[in-house]
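Chains L and E, in that order, give the protein sequences.
Numbers in the working numbering are just positions in the first sequence, counted from 1, shifted up by 77.
Numbers in the working numbering are just positions in the second sequence, counted from 1, shifted up by 77.
Hints may contain errors.
[What the hints assert, rightly or not] Simulated pairs of lysine-lysine, DSS-like, Cα-Cα distance not exceeding 27 Å:
no.	chain 1	residue 1	chain 2	residue 2
1	E	K190	E	K92
2	E	K88	E	K190
3	L	K242	L	K360
4	E	K360	E	K242
5	E	K190	L	K242
6	L	K263	E	K360
[Stated by the list, open to error] Computed, partial: chain E to chain L, Cβ under 7 Å:
no.	residue
7	L201
8	R269
9	P292
10	T293
11	S296
12	S300
In short, the hints are calculated from the structure, not lab data.
Yeah, the Cβ is synthetic: ideal placement off N, Cα and C, and Gly gets one too.
Number of protein chains: 2
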Amino acid sequence: MRRGFDVGEFKARVKAAQRAMARHELAAILLTTEPEVRYFTGFQTRFWESPSRPWFVIIPQSGDPIAVIPSIGEALMRRTWVSDIRTWSAPDPIDDGVSLLTEALREIASGGKIGVPSGMESHLRMPLADFGRLQAAGLVFGDDAGIIAQLRAVKTEAEIEKIAKACSIAGRAFDRVGEVARQGAKLDSVFRGFQGLLLEEGADWVPYLAGGAGPTGYSDVISPAGPQPLAMGDVLMLDTGAVWDGYFCDFDRNFSIGVPARRSAASWSQLLEATLAGFEAAKPGAEAADVWRAMASVVGTGETAGRLGHGLGMQLTEGLSLTARDHTVLEAGMVITLEPGIETGDGMMLVHEENIVIREGGAQILSPWASGAMPVL
Amino acid sequence: MRRGFDVGEFKARVKAAQRAMARHELAAILLTTEPEVRYFTGFQTRFWESPSRPWFVIIPQSGDPIAVIPSIGEALMRRTWVSDIRTWSAPDPIDDGVSLLTEALREIASGGKIGVPSGMESHLRMPLADFGRLQAAGLVFGDDAGIIAQLRAVKTEAEIEKIAKACSIAGRAFDRVGEVARQGAKLDSVFRGFQGLLLEEGADWVPYLAGGAGPTGYSDVISPAGPQPLAMGDVLMLDTGAVWDGYFCDFDRNFSIGVPARRSAASWSQLLEATLAGFEAAKPGAEAADVWRAMASVVGTGETAGRLGHGLGMQLTEGLSLTARDHTVLEAGMVITLEPGIETGDGMMLVHEENIVIREGGAQILSPWASGAMPVL
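Use the sequences and the hints to build the structure in full.
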């Protein structure tokens, strides 16, 4: 499968943003984070792992994006479709791109309001003191009215293909878990081995792996692995975020070390049933809360418990949440996870997760759908 | 080697912050990013990969830290030394922890100034609109006076041991590069294979890998790998950020596919010489700029070119920069990289990188020091 996107796709994203900007009277939008910059430019590098340098892209109300970036990124940005690239030698303790950015924003926004993503999940990836300097220079900032988040929530076919590819890579790695996990294997070495399997199956990298193991499940789904060995009767869960060409899958698999306990097997069946109920509810026009309700009614989740799924794409989690209070209306092209959890007693739980895309007629699976009994290792 | 830190170490970090806070008249410091939260609490999870939820830790001017976090993190935070843990069910589209945080900050800061890291490399990891709500509630924020960055710059022995362990893991993986890289191997498969080697040698995960390959070097050091095959005479560079227990190594190795060209071999020797010059200059009392100058004079780098090294620790890059304009004074306990680059013509370059810790008498190596001729694959 081809990497990257046609230039036409980036231009369409910019045009869609600009139509919304005109409605909201924004002269420009200022972007500072990795997915936002990549969404409009195609600039893809793991160098964002380094917090030392800020990166800026400006979407003007008309015309092409302008990149205001550290010179270390110029060669790579020149390979994208962006032609207006302005650089400074970063990090500069006196003026780390602030003057260059001020000049560009003045030229492009000419006194108008500059939108900055400010809603849920967003953050401004630049020093607060430097943002204060932009404001002190007379630039006027406001919320981006959710424009960027709304655009990113609906995926193109090219984006969906990349997510599907990440899902199939992880699916093949999950099929091989028996190579690295068995009774007596330490959980941290299972985590290492599983990351290796994901890479062997074609993941570019593995930004996320969580999981747990225990006789009746696990106490949370975000802890790092310790050296405890897998014991007969344990349920092992692995949940990954593997990436292909900048797009994530995010689903998990549960495995039983030996024949599962009756309670675990029953909980597992309920989780599969809940996932299927979520799948059937996930149609254009339904609310995120409707999909939540379909799953919650099967597993008995209360309204204040955690979410049972979320949007997925350039980030491990993005966009809507499957909770009782999220009334986002599903549209064709949205990619989401279905992630029901069930309490198994003593603070333990089991969680199952699959990835789907919303289509005109209903949902379509992206991760290889689990069915039948819990796989035994 | 044991994971984590003694509680005494976290308490010492808090006390040191509080002494500085008293000097700067800060009633509290509000922390929102992964390394800042982990530095004071020990809270370690890859779940930060998900942007959906904000996390807050408050350091009061006296007393222990307070965690104001999503309930999904409660079980893991309870395993740290923090006892005052306040949670909400996130993500909440109406009030995503803002009321809970406002209440906690009012109680702890009682009208005093609340410091927020605002200088170079920092960012505020929460929605700007929510930060505005805190300000509108009457809370008074200001710069943290660089307190957090200065504290983190000087490592304890326990921290240095973890970085050294990450370095030795990567050193063993570099020794095995011949298993995944040879003439005809595609660069992207080399990247996958090398990440697998890092995991096999004991890395918890591999947040960063960059590199390049070409007959006279590479055009930049941040690009992702493409499918081009390694050719006889190419120089291959791999630069990793592998992590053990939350601490990074960051060094690279260059390899020649077949016997290196005379030009490459000569550039390589100059890079080794520059690194050694940097090593000798890296003593307590010297400035970052002095170390830069020692290396720049060997490789002929100008003042506006990129930096030749940087601080290292809980992040791939943190703290000082080895540039002409960074006058940070080196102290015992600082861990830095020495990263000279040299132009080889036609926009190509070679870059070499090692990791060291500043000691009372001078520098001590952490990465297995390269010497002699460039290794041939």
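Structure-based check of all given hints:
no.	hint	result
1	E:K190 with E:K92	holds (18 Å)
2	E:K88 with E:K190	holds (22 Å)
3	L:K242 with L:K360	holds (23 Å)
4	E:K360 with E:K242	holds (23 Å)
5	E:K190 with L:K242	violated (50 Å)
6	L:K263 with E:K360	violated (42 Å)
7	L201	holds (6 Å)
8	R269	holds (5 Å)
9	P292	violated (17 Å)
10	T293	violated (15 Å)
11	S296	holds (5 Å)
12	S300	holds (5 Å)
The structure does not agree with the numbered hints 5, 6, 9 and 10 stated previously, though it agrees with the rest.
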